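Colleague: The residues making up each chain are set out below.
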Amino acid sequence: MQSKGLTISKFVYSWLLMFAVWYGFTTSTALPELITGVIVSLVVTLITAKAAQCCGLDILLPHRIFYMVKYIFVFIIALLKANFDIARRVLSPSLPINPGIVEFETKLNSDFAKMILANSITLTPGTITVDLVGNKYFIHWVDVKTEDSEEARQEIAGDFEKILLKIFN
Amino acid sequence: MEILKYIGSFFVLLGSIFLFLGALGIYRMPDVYNRLQAGTKSSTLGAMSMLLGIGFLQPDWMVKMIVIIIFIAVSNPLSSHALARGAYRAGLSLFQKEKIDAYEKDYKDMEDKEL
Numbered sequence: 001m002q003s004k005g006l007t008i009s010k011f012v013y014s015w016l017l018m019f020a021v022w023y024g025f026t027t028s029t030a031l032p033e034l035i036t037g038v039i040v041s042l043v044v045t046l047i048t049a050k051a052a053q054c055c056g057l058d059i060l061l062p063h064r065i066f067y068m069v070k071y072i073f074v075f076i077i078a079l080l081k082a083n084f085d086i087a088r089r090v091l092s093p094s095l096p097i098n099p100g101i102v103e104f105e106t107k108l109n110s111d112f113a114k115m116i117l118a119n120s121i122t123l124t125p126g127t128i129t130v131d132l133v134g135n136k137y138f139i140h141w142v143d144v145k146t147e148d149s150e151e152a153r154q155e156i157a158g159d160f161e162k163i164l165l166k167i168f169n
Numbered sequence: 170m171e172i173l174k175y176i177g178s179f180f181v182l183l184g185s186i187f188l189f190l191g192a193l194g195i196y197r198m199p200d201v202y203n204r205l206q207a208g209t210k211s212s213t214l215g216a217m218s219m220l221l222g223i224g225f226l227q228p229d230w231m232v233k234m235i236v237i238i239i240f241i242a243v244s245n246p247l248s249s250h251a252l253a254r255g256a257y258r259a260g261l262s263l264f265q266k267e268k269i270d271a272y273e274k275d276y277k278d279m280e281d282k283e284l
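For the record, the sequence lines run as chains A and B. Going by our numbering, 43 is the number at position 43 of the first sequence; the sequence numbering is gapless. Each number in our numbering comes from the position in the second sequence (counting from 1) with 169 added on.
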């Protein structure tokens, strides 16, 4: 998965992904539609193949799928918590915030996993990713609990990082 | 199906409540970063929940709605991250009770390198 160049497995994976999006938008099982979808998604994949470097077919192994589903559930719960947290802060008259920017380093090494973690952090309670330099995340935190980077990592990204390490390594 | 109608209406109502809270947050928060916090989270969940509600009201559209929900979940945080980074680079200061800004030092280093 760390190989940089375009492999057949990466190509087939993006082709499948493009076809899944096509099927999602047409939702028709008529044969002519499916054949058109295969051709269109092949063309799109040929054009975008250089940019689509995220992962190969080995991402579809069963234990990785299992952790992906788990990730989605953890993510949805965090998103709901984030919204109730923001609602509580906005609706209370004293506006209880103590904002600041903290930093921490991640153990993830693939670019795609880092991107997913950054996006997830933005949607979880009280945190928003300001920048990502190398392995360092800079997080704007509405209610800063700790300035220590290791504790901040546990507090902000603990669950997500554990699952992402299992998916991408 | 009567029950789908109720579930759909519930999700649309939930979505509009979250969108309203997001708007209120943008009004009440003191600086651009905190406003982004309120705006991003509630607009993401609000739009997702509203689209899901439409999916229940019109079951034929459900799969399309799920594709759109995935697009929103991927693209919304990216735009807020770009706004936050752009705001910092444009020199907008943070509202702070105590001074906590780990980004300042690294940002200055980067700026020195670029110059």
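Since the hints were derived computationally from the structure, they do not count as laboratory data. The reader is advised that the hints may include incorrect statements.
[Stated by the list, open to error] Subject to a maximum C-alpha distance of 27 Å in a straight line, what follows is the list of computed DSS-like cross-link-like pairs (lysine-lysine):
hint, chain 1, residue 1, chain 2, residue 2
1, B, Lys-274, A, Lys-114
2, B, Lys-277, A, Lys-114
3, A, Lys-70, B, Lys-233
4, B, Lys-174, B, Lys-233
5, A, Lys-145, A, Lys-50
6, A, Lys-145, B, Lys-274
7, B, Lys-277, A, Lys-136
8, B, Lys-174, A, Lys-107
9, A, Lys-136, B, Lys-233
10, A, Lys-107, B, Lys-274
11, A, Lys-70, A, Lys-166
12, B, Lys-277, A, Lys-145
13, A, Lys-136, A, Lys-166
14, A, Lys-81, A, Lys-136
15, A, Lys-107, A, Lys-70
Just so you know, these numbers come straight off a predicted model, no measurement behind them.
Colleague: Compare the structure with each hint and give your call.
Modeller: These are the hints, each one checked on the structure:
Taking the CA atoms of B:Lys-274 and A:Lys-114, the gap is near 22 Å; set against the 27 Å cutoff, the hint holds. Pair hint B:Lys-277 plus A:Lys-114 holds up; C-alpha atoms about 23 Å apart against a cutoff of 27 Å. Annotation: proposed proximity of A:Lys-70 to B:Lys-233 holds, straight-line Cα distance about 23 Å (limit 27 Å). Only pairs whose Cα atoms come within 27 Å are accepted, and B:Lys-174 paired with B:Lys-233 is accepted, the gap being roughly 18 Å.
Of the supplied pair hints, the one linking A:Lys-145 and A:Lys-50 is violated, its CA atoms being roughly 42 Å apart against a limit of 27 Å. As the CA atoms of A:Lys-145 and B:Lys-274 are separated by approximately 20 Å, the hinted pair is consistent with the 27 Å bound. Only pairs whose Cα atoms come within 27 Å are accepted, and B:Lys-277 paired with A:Lys-136 is accepted, the gap being roughly 15 Å. Taken as a hint, the B:Lys-174 and A:Lys-107 pair is broken in the structure, with Cα atoms around 46 Å apart against an allowance of 27 Å.
Proposed proximity of A:Lys-136 and B:Lys-233 is contradicted: the alpha carbons are some 36 Å apart, above 27 Å. Note on A:Lys-107 and B:Lys-274: the hinted pairing holds, with a Cα-Cα distance of about 22 Å set against a maximum of 27 Å. A hinted pair counts as satisfied when its Cα atoms are at most 27 Å apart, and A:Lys-70 with A:Lys-166 qualifies at roughly 11 Å. Annotation: proposed proximity of B:Lys-277 to A:Lys-145 holds, straight-line Cα distance about 25 Å (limit 27 Å).
The hinted pair formed by A:Lys-136 and A:Lys-166 meets the criterion: a straight-line CA distance of about 20 Å does not exceed 27 Å. For the proposed pair A:Lys-81 and A:Lys-136, the alpha carbon gap of about 25 Å is at most 27 Å, so the pair holds. Straight-line distance between C-alpha atoms of A:Lys-107 and A:Lys-70 comes to about 20 Å, which keeps the hinted pair within the 27 Å bound.
This entry does not satisfy hints 5, 8 and 9, going by the numbered hints stated previously.
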